[in-house]
Structures are given as structure tokens and as C-alpha cells.
Amino acid sequence: MPDIVVLGYSRNPSILSFIFHPSILSFICHPSILSFICHPSILSFICHPSILSFICHPSILSFICHPSILSFICHPSILSFICHPFILSFICHPSILLFICHPSILSFICHPSILSFICHPSFLSFICRPSILSFILHPSILSFICHPSILSFICHPSILSFICHPSTLSFICHPSILSFICHPSILSFICHPSILSFICHPSILSFICHPSILSFICHPFILSFICHPSILLFICHPSILSFICHPSILSFICHPSFLSFICRPSILSFILHPSILSFICHPSILSFICHPSILSFICHPSILSFICHPSILSFICHPSILSFICHPSILSLICHPSILSFICLPSTLSFICHPSILSFICHPSILSFICHPSILSFICHPSILSFICHPSILGAESDFVCF
Numbered sequence: 001m002p003d004i005v006v007l008g009y010s011r012n013p014s015i016l017s018f019i020f021h022p023s024i025l026s027f028i029c030h031p032s033i034l035s036f037i038c039h040p041s042i043l044s045f046i047c048h049p050s051i052l053s054f055i056c057h058p059s060i061l062s063f064i065c066h067p068s069i070l071s072f073i074c075h076p077s078i079l080s081f082i083c084h085p086f087i088l089s090f091i092c093h094p095s096i097l098l099f100i101c102h103p104s105i106l107s108f109i110c111h112p113s114i115l116s117f118i119c120h121p122s123f124l125s126f127i128c129r130p131s132i133l134s135f136i137l138h139p140s141i142l143s144f145i146c147h148p149s150i151l152s153f154i155c156h157p158s159i160l161s162f163i164c165h166p167s168t169l170s171f172i173c174h175p176s177i178l179s180f181i182c183h184p185s186i187l188s189f190i191c192h193p194s195i196l197s198f199i200c201h202p203s204i205l206s207f208i209c210h211p212s213i214l215s216f217i218c219h220p221f222i223l224s225f226i227c228h229p230s231i232l233l234f235i236c237h238p239s240i241l242s243f244i245c246h247p248s249i250l251s252f253i254c255h256p257s258f259l260s261f262i263c264r265p266s267i268l269s270f271i272l273h274p275s276i277l278s279f280i281c282h283p284s285i286l287s288f289i290c291h292p293s294i295l296s297f298i299c300h301p302s303i304l305s306f307i308c309h310p311s312i313l314s315f316i317c318h319p320s321i322l323s324f325i326c327h328p329s330i331l332s333l334i335c336h337p338s339i340l341s342f343i344c345l346p347s348t349l350s351f352i353c354h355p356s357i358l359s360f361i362c363h364p365s366i367l368s369f370i371c372h373p374s375i376l377s378f379i380c381h382p383s384i385l386s387f388i389c390h391p392s393i394l395g396a397e398s399d400f401v402c403f
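Counting in the working numbering, the sequence shown runs from 1 upward without gaps.
Bear in mind the hints are in silico, worked out from the structure with no lab data behind them. None of these values were measured; they are calculated from a predicted model. Cβ atoms here follow ideal geometry from the backbone N, Cα and C, with glycine treated the same way. Each hint should be verified, as a subset may be incorrect.
To be verified - Derived Cβ-Cβ restraints for the label pairs, each shown as a range: (1) Cys119 / Ser329: 43 to 51 Å; (2) Ile190 / Cys119: 39 to 47 Å; (3) Ile249 / Pro40: 43 to 51 Å; (4) Ser140 / Ser23: 19 to 27 Å; (5) Arg264 / Pro364: 22 to 30 Å.
Please model the entire structure based on the sequences and the hints provided.
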């Protein structure tokens, strides 16, 4: 009973407003006070159910939104204090992680003052500290992120729009953040079924189409980061490749804003990066392309018409692209039955007759490319010759002549 009385009394407006006093807030920053909070008995006390549930009280949550409190949290002594090993390990306590899943806590985070506070430079730079980044790798933290309430919370409009904030996007470009993402535990975590299925959420997919997000991806540092070996190798993970076959993901790629975004010079030039081109030759990637859902997806009208875009066609003429096509693994892949039969699809054949495609084939670089020894010898491959004799191909050729 005494505990209840104390907790209830502490919700009194006059008590809460008293805590706002500068002298009180500055006092909390005193080293002796901060170190005292690190005492095991104090930290374990905070884990008490009655304390955690008390923090969920509306008056307490709204109090935290007060400007003086938020700016106070940015105080160097406070931020450095949070880096204390004992504090970081304490956050991993099951009762604390479970507490964060409380609806009132999650909805509170959506408060404008909280979201804008996260954009504060001192806070963002603080997250770049090694002790903080390594802390995120803790198994209990990674598994916690998979909690349904956390994943669904991320779909909240205010959260998604917040991510679009310039300061947040630029912060992600920080070297320590990008290199951190390359950590094996992080990459393997992304393979978790709950994470992959979450990405399929309509609000997440539509969010990716946001102009600020798409333009952010064009940042040189981001594009070069994608070339990191650990990232490219990660993409080869079976769960990732199979995930890409998800209908919602494939249909998302057909979104006009996404397709037009790919036409950006910075994106097209990025694809020319040697590590990217060689990566495409990876067996798991080539075999993945043979997946029925991927092949049928390529037949989607929006995809076929997209290929007709001038910037795309001219891009294909780039020497590095043409020479890349000569790679043995690429040529042998074209011989795969599923690929050859795919080319026989009416939608694919009729697409080839498109004026922009036909005129493109006449491009000098394309014609000279066809004369490449590896290409000519490839055409003599039995599977290719027998494929040319396919009725649907012969019929298409007659239409081509008439055209």
C-alpha cells in the first residue's frame, strides 16, 4: 500500500512540474548521482512490475514530452551515462524488453515531440558510439525486434514519415552505421521469417516509394556500401532469394515510382560497378533468376514497357554491360530450359517487336557485340539451335519480317 501511495502521489501535477526546475535537472547530471543509478539494487528495482506499469501512466508519458526534459536528455553527461556497460546490459533484461512492447509505450513514441527529439544531432551522433552499436548486436535485442507488436508499430504512419526526415536519412549515411549493418549477426537477423514477412506489409512497401527515400538510396555512400562483399554475399542467402519471389514484393517492383527511380543515372552507373556485375554471376543468383515466379514477373506489362525506356536501352549499350553478358556463366544460364521456354511466351515475343527494341538492336555497339566470338559460338549451342526451331519462334519471325 505505501508503494501505491507514493507512486500515485508522484503523478501529482505539482510534483511533476517541480522536476522541471533547472536546478533539479542539472542536479541529476551530477556524476555521483548518475553513478549511483548504476547500482545493481537500483537497476533491479526499476524492473519491478509496479514501477514499469507506473511509467505507462499517461501523466508520466506526457511529462517526458516536455521540452526541458527532452533537451535535458541530450546533455553530454546523460548520453555518456547511457553508454555505461551496466546500463546497456540492464536494458536487455526481459522485463524491460517486454515492457517496451506495452501499447501505451509504443503509441507514446509516436508523439511529435519524441520523434523530433530523435532527430537531434547530439542524439543521432550518440547512437554512432561503438558501445551502442555493439549493444544492438545482443541476441535478446535482435530477437526482441521480431516481436509482433514492435514490427506492427514500425508500420505506424508517423514512424514511417519520421524516417523520411533529412537528418535521419543523412544519419544513416554515417560510416559507423553502414559498417555496422555488415555485421554477420545483423545480416543473419534480417533473414528471420518474421522480419522478411514484415517487409511485405503494404504500408512498408508504399513507404519505400516515398521520394525522399528513393533519392536517399542514390547517395554515393549508400550505393558504394551496397557493393560491400558481406552485403552481396548476404543477398545470396536462400531465405532472401525466396523472399524476393513473394507476390507483394514482385508487384511492388512494378510500381511506377520505383521503376522510374531505377532510371536515375546514379543508379544505372552503380550497376556498372565490377562487384555488382560479378555478383550477378553467383550460381545462387543465376539459378534464382530461373524461378517461375521471377520469369513470369518479367512478363508484366509495366516491366516490359519499362525496359523500353531510353535510359535503360542506352545503358545496356555500355561496354561493361555488353562484355559482362559474354561471361560464360551468363551465356550458359541462357541455355537453361526455363529461360528458353520463357522467351517463347507471347508477351515476350511481342515485346521484342516493339519499335524502340528493334531500333535498339540496330545500335552499332549491339551489332558489333553480336559478332563477339563467345556470342557466335554460344549461338551454335544445341539447345539454342533447337530452340530457334520452336514453332512459336518461327511464327514470331514471320511476324517480325512483316513488321
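Hint check results:
Evaluation of the 43 to 51 Å hint for cysteine 119 and serine 329 yields a pass: the beta carbon distance comes to about 46 Å. Against the hinted window of 39 to 47 Å, the Cβ-Cβ separation of isoleucine 190 and cysteine 119 comes to about 25 Å, which falls outside the hint. For isoleucine 249 and proline 40, the Cβ-Cβ distance of about 47 Å falls inside the hinted range of 43 to 51 Å, so the restraint holds. Checked against the hint of 19 to 27 Å, the pair serine 140 and serine 23 fails, with Cβ atoms roughly 38 Å apart.
In this structure the hint that arginine 264 and proline 364 lie 22 to 30 Å apart at CB holds, the actual value being about 26 Å.
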